[in-house]
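Chain by chain, the residues run as shown.
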Amino acid sequence: MDKRTIGVEVSIAIAEAVAQADVDLIAAYPITPQTHIVEHLSELVAEGRLDAEFVPVESEHSAMSVCCGSSAVGARTFTSTSSQGLALMAEIFFIAPSMRLPIVMALANRSLSAPLSIWNDHSDVMMVRDAGWIHIFTENGQDSYDNIFCSFRIAEDPAVMLPVAVNVDGFILTHMIEPIKYVSDKLVKKYLPEFQMKDALHPDSPLSMGCFAMPEIYTETQKAREEAVLGSYDVVVRAWKEWGELTGRNYSPVETYRTNDADICYVTMGSLSENAMMAVDALRNKGEKVGLIKIRLWRPFPFNDFFSAVNGKAGLIVIDRAMSFGGPGGPLALELRSALYGKQSAPQIVNFIAGFAGRDVTRDDFMSIMIEAKTRFAKDDTSGYVFYGVRE
Amino acid sequence: MNTIPIYAPLLLDKKEYLTSGHRACQGCAEALAVRLVMKALGRDTIVAMATGCMEIISSSLPTTAWQVPWIHVAFENAPAVITGCESGMKAMMRKKKIREKKINFVSMGGDGATADIGMGQLSGAMERGHNCIYICYDNEAYMNTGIQRSSSTPYGATTTTTPAGHDTIGQMTNKKNMPKIAVAHEIPYVATACPSYPFDLIRKLKKASEINGPAYIHIMSVCPTGWRIDPDEAIKYGRLIVESCVFPLYEVENGEYYINYIPEKIPVKEYLKGQGRFRHLKESDIGRIQERVDKEYSSLLKIAKTGDSSECK
Ligand SMILES: Cc1ncc(C[n+]2csc(CCOP(=O)(O)OP(=O)(O)O)c2C)c(N)n1
Ligand code: SF4
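Order-wise, the sequence lines are chains A and B.
Quick note, the first sequence lines up with residues 550 to 941 if you use the working numbering.
Quick note, the second sequence lines up with residues 105 to 417 if you use the working numbering.
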């Protein structure tokens, strides 16, 4: 293993990973905060360090369309977007998994308009939650870099053949300079074999893709889609396990921090987890039995890992960085509540909507959230949600 | 040279790449156009198709009428999808991941897919210079969703969203000139064709496949259903639209216009009459249409040289 550790902007590290993965095609359309990823890839191609087609398209809708064509002929394919770009490509974003195209995308999470905001939250990814992509959330630069390799490995597994989105918090991660341990090309070759697509478009073995379906067959196609997403779970876990064996860096669908004897746990996704860990440490120093549960794999949702993580806990404080307007709260809390519904001695859940559009959720915020959550638990007032830190 | 058309059928590929059994309406000239296009291009072709009549009729799961690799993703993005296929394969061939082979990369769509919703993506694909052919099957409306107007619907035609009524004559604007828009991209090859002139159409497709860089072919594809004519009249109306100079056959090579066929120029009325979509037109409306056709055709003649016309007889 190459032990090179370099201080580098996370976007650049992501682009370097894409290049090391030897992609064949990159479709690129700029949008903040993912721009540096495709810009750096264009430099790598221009300098001859990466032999790939760089297609500078005229919109994100075209970016995903180009990716579909490229992936359908069996080329290793990458793109990256954010927010409005994702909204524009949404139509094709839903089509890619239904055609079982193993595209990898870095999704630099950003809030949606209006008002226009370029900063981070999870509104964009939640909009396409139900498309059938595999969704991984990263917490820091290192795991953003690592998970590019894991994502190609997962996407292209013959048992999976689905697109994977690596969700990276915009700015908070994409624009940070962090110490990153690069892996060697040799390690990548070992981990990520050359992609050979079984059912690629080629004149020597014609096939039709993306057909029209009458009512008597559409339902069956959707059942197959669901089975593919659910079935990818084992491959995801295996891909992470092997990565851990090669690099010593381990990832799992649900990760825990100081939860063993905890009564109350925060539940977070993405970069919030690091601040939450600091809050857990501070509270533990005061003798409070608290911990943190991080959801890394969002789709397929790791129900069993989640159940074991929350086993025996009294309460969960779920922090959402997105909102289902006019609905029951944030999408994460909504899903966790529904997962636990009817389970014996399930923990209570309070839901906080926090960190919209780049607003910091600091260690101290986590600590005040704990105080407020505790009063709610005590009053048995756990329905609904709290819009945290709103100035009124 | 005049005898060539007699031999031309003998030289044609006997194989069908869009096979029978598809679900097009009887007498659909758009399906005929696709079939002829595929005969011209042959087996080493990958097709990306836009949503529309031709996709729906040819790909109903679990069947397919396609004998070549074929992909449909959405309504507006066939040109982007095919550029993905072309570029992805180019990279894989260069990197020796797959064998070198000459493949025709072709995207196709109706006039709605081309002139309206997908025009930005078509423009992007042409501007980036991919080695791909784009084919517009122009039946002058959105037929797949039930005969709504497109920007390629001609002035005076009644459609379900521009119905002729007491206060309107139907479509109130003139047909968008898509071939001209393609020419403005300074691509190496643009042509118009019509399946009523099959050998001209085939020659143009073969030429497009030999050209390096983007090619755009605009094919007038009569739709008996939408034009309100009998199913056995599609070929006849394809001839009338060319003979009346409403839809001239020409090609544009590196910006140079060549007209392929100079017809006797029958009155536009001969073409309009009998079509249900123009049934309501008054003499004065027809006069206005004739005027515009005269103007457009004479300006085409002014800039065009006489090109290869051997196969338009
Ligand atoms: C984004 C989107 N909007 C609308 C539609 C509905 N739609 C499907 S085909 C079609 C019209 C196709 O017309 P055209 O391209 O002229 O082809 P034709 O069916 O006439 O051959 C429309 C509006 C769609 N599939 N996708
Ligand atoms: S509606 Fe028109 S274009 Fe569509 S299949 Fe029928 S005849 Fe052909």
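If you are wondering where the hints come from, they were derived from the structure by calculation, not from laboratory data.
All C-beta atoms, glycine included, are put in the ideal place defined by N, C-alpha and C.
Any given hint could be a false lead.
[Claimed, not checked] From chain A, some residues computed to sit far from chain B (all C-beta separations above 12 angstroms):
id, residue
1, S614
2, R625
3, E640
4, H751
5, S754
6, E769
7, N853
8, F926
[Unchecked claim] In silico lysine to aspartate or glutamate, EDC-like type, Cα no more than 20 angstroms apart, as pairs:
id, chain 1, residue 1, chain 2, residue 2
9, B, K310, A, E941
10, B, K311, B, E400
11, B, K199, A, E791
12, B, K194, A, E743
13, B, K369, B, D336
14, B, K201, A, E791
15, A, K730, A, E791
16, B, K377, B, D398
17, B, K200, A, D600
18, B, K206, A, E743
19, B, K280, B, D412
20, B, K377, B, E360
21, B, K200, A, D748
22, B, K194, A, E791
23, A, K735, A, E823
24, B, K194, A, D734
Evaluation of the provided hints:
1. S614: Violated, because the least Cβ-Cβ distance between S614 of chain A and chain B comes to about 4 angstroms, which does not exceed 12 angstroms.
2. R625: The claim is violated: R625 of chain A sits with its nearest Cβ about 9 angstroms from chain B, within 12 angstroms.
3. E640: violated (6 angstroms)
4. H751: Label violated. Min Cβ-Cβ 6 angstroms, cutoff 12 angstroms.
5. S754: violated (8 angstroms)
6. E769: Since the minimum Cβ distance to chain B is about 9 angstroms, E769 of chain A lies within 12 angstroms and the statement is violated.
7. N853: For N853 of chain A, whose nearest Cβ neighbour in chain B is about 34 angstroms away, the distance exceeds 12 angstroms, so it holds.
8. F926: Per Cβ check, F926 of chain A is outside 12 angstroms of chain B; nearest 48 angstroms; holds.
9. B:K310 to A:E941: Distance ~69 angstroms between K310 of chain B and E941 of chain A Cα, so the pair is violated.
10. B:K311 to B:E400: violated (26 angstroms)
11. B:K199 to A:E791: violated (27 angstroms)
12. B:K194 to A:E743: Holds: K194 of chain B and E743 of chain A sit about 17 angstroms apart, inside 20 angstroms.
13. B:K369 to B:D336: Violated. K369 of chain B to D336 of chain B sits at ~23 angstroms, over the 20 angstroms cutoff.
14. B:K201 to A:E791: It is violated: about 25 angstroms lies between the C-alpha atoms, which goes past 20 angstroms.
15. A:K730 to A:E791: holds (17 angstroms)
16. B:K377 to B:D398: holds (18 angstroms)
17. B:K200 to A:D600: Measuring from Cα to Cα gives roughly 11 angstroms; hence the hint holds.
18. B:K206 to A:E743: It is violated: about 23 angstroms lies between the C-alpha atoms, which goes past 20 angstroms.
19. B:K280 to B:D412: violated (26 angstroms)
20. B:K377 to B:E360: Answer violated: K377 of chain B to E360 of chain B is near 34 angstroms, above 20 angstroms.
21. B:K200 to A:D748: holds (19 angstroms)
22. B:K194 to A:E791: Given that 20 angstroms is the threshold and the Cα spacing comes to 32 angstroms, the pair is violated.
23. A:K735 to A:E823: violated (31 angstroms)
24. B:K194 to A:D734: Given pair K194 of chain B, D734 of chain A is violated - Cα atoms ~23 angstroms apart, limit 20 angstroms.
When each numbered hint is compared with the structure, violations occur for hints 1, 2, 3, 4, 5, 6, 9, 10, 11, 13, 14, 18, 19, 20, 22, 23 and 24.
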